[in-house]
Amino acid sequence: MPPAIVPRRADALYWLFTWIAVVLHLGHLFDAPQTPGLALYQGVLLGSYALLFIAPLWLFGRLLAPLSRTIGLVVSVLLAGLLQLLIYADGLLWSLYGFHLNGFVWNIVTTPGGIAALGSSESSQVGFAFIAAACFVGQALLRILAAFASRWRPSLPTPRWLWVLPLFLLATLGERVGYGISHFYGYSPLLETAQRMPLYQPLTMRRLLEQRLGLERPQRLEVENVALKGQLDYPQVPLRIEPPGKPLNVVWLVAESWRADSLTPRVMPQTSAFAERAQHFTRHFSGGNGTRIGMFSQFYGLPANLWFPVLDARVGSPLIDVLQRQDYQMRLFTSARFSYPEFDKTLFVKVPPEQMQAYDQGPGWQRDRKNVEDLLGFIDQRDAQRPFMTFMFFESPHANYEFPPESVIEPDYLPDLNYANMNLERDIGGIHKRYLNAVHHLDGQIARVIDHLERRGLMDDTLLVITGDHGEEFMDNGRWGHNSSFVDAQLRVPLVLWVPGREARREDMRTSHVDLLPTLMPLLGVRNPVHDYSIGQSLFSPTAQRLLVAGDWDRLAFLGEEHKVVLPFTSGSMLPMQASSASDRPVGDLSKVLQGFMPRIRSELQGIRRFLAH
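Under the numbering used here, the sequence shown has 941 at position 28, and the numbering climbs by one with no breaks.
Derived DSS-like pairs: lysine-lysine, alpha-carbon spacing no greater than 27 angstroms straight-line:
| # | residue 1 | residue 2 |
| --- | --- | --- |
| 1 | LYS1283 | LYS1346 |
| 2 | LYS1159 | LYS1263 |
| 3 | LYS1258 | LYS1283 |
| 4 | LYS1263 | LYS1142 |
| 5 | LYS1258 | LYS1142 |
| 6 | LYS1283 | LYS1263 |
Beta-carbon label-pair distances, calculated as ranges:
| # | residue 1 | residue 2 | range |
| --- | --- | --- | --- |
| 7 | MET1511 | LYS1263 | 36 to 42 angstroms |
| 8 | ARG1295 | GLY1143 | 38 to 44 angstroms |
| 9 | MET1422 | VAL1050 | 54 to 60 angstroms |
| 10 | GLU1286 | TYR1113 | 47 to 53 angstroms |
| 11 | MET1511 | LEU991 | 50 to 56 angstroms |
| 12 | VAL1077 | ASP1225 | 40 to 46 angstroms |
| 13 | ARG1120 | LEU1005 | 33 to 39 angstroms |
| 14 | ASP1225 | LEU972 | 33 to 39 angstroms |
Simulated from the structure, these hints should not be mistaken for laboratory data.
Virtual Cβ for every residue (Gly too), placed ideally from N, Cα, C.
Please construct the entire structure, taking both the sequences and the accompanying hints into account.
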């Protein structure tokens, strides 16, 4: 074989080997296909997308080769190694949380405090470093193998790239048509298979199939469009305030990832005892499955699809406006950061920076203790002639679920939360025990605040809110953590209210974070009707058979007493609709669920759209 042919042959074999490696790597994201048709679709999907991913890398290497063959080789190995690393990271996200690298992940990476909010142990960082090195070393070995094969196995056929483009176009066309028809008829197995591919771009064919070919789409797939258009109009009218003769202080305590069933006498004895003499809401739902919307729903009384309009307009929480207009002393504390999510641009945009303390050094439990100490100091040093508001965001129950030795009530916990080598089926029990130990520590910190208010004689003058931003799942329905689905484990949180003058009460009717402002604002002097600033209702008079709303980055979930329906409000979500029972089990007759649900959803959306001027 002429010497000039060998390098070209080695290059061709290297990209062939890389394509095979990418196909195998992507294959780990998929379950075994149930039918031959799905197996064929999955194979075409893997092959075409693997080629799509490596094509730009191949092209870039080809452009560099005339300048320097060595540089071209190094760059091709580095870029392919980076691709393998991204596929690994995407697969980890999918296996843990059920979503791919997307706008939400990009927001985490680019927003100050986002990466820190994920939680990561030193062992995880070391493990990920080894995995990253393995990706690049693996690609280097493929390059060496290609060079060896091109020299010592001349009988090995050289890939003929002339055939690649038409085969790729044919495979892509078939895959596109298969998806479009499945989307038209609602064939979920194929749609769910496509959803597992990173960066998948769905193609719908409704207009072609209906208008050109005269086919009829099943009525059960006709769902409401929840996209919002228009300029933010919030609150709908200026707030009218009649300051009460005896203004109430406000103490607002929120714990990260605090799920409802952890508020028990064993795990949280002090908070449970306090709940028995306060207003305890036992079936309370966050407005979101993550911190961003969970907090947004508390401080605005609005659903997830209004987060972006509020962020763009830099509109602060009306609660903060009401307190500032009445000259409240204010001090906010967080054991995370106010910049992620962007609460310094939304909830607290009007709060001066010197009134906001973000302490994020050391383990979460140490941060919480430090912030609680400073919060109590603020209460003691305030001007006693003026009302005050203080807010605290606890980090203890957030992964890695950190706690001091004296907080251990579950000794058989997983000693190290290493994401790099985690096996959820094996480790989830030990992970959950870590969480319970962390929540037990949280109990002591909440009790410090309550005890301090009582010792200072402030309970008769103070509104006290104790709740979580969202829940936390431990494979209850196949996932760990939050931000992935709208199951109860990720949505239900404790809510304990202390309202001076009201008797102790246990409320078992369903309530929501969007009900907090409608409950508290009238107590702070707001005379507007609730619908001027919230979609919620007063917690003191909840109604039955109510449709609650929860959301995340690009979806809204409508929660009824019997069913849940999830709809996308951006184009980023691939499945047009999902439904389950209220207990998070699959539903049999989807059309029957939608038939009863859609009128209620339309009514709810009409109430949401009033906050946008057209």
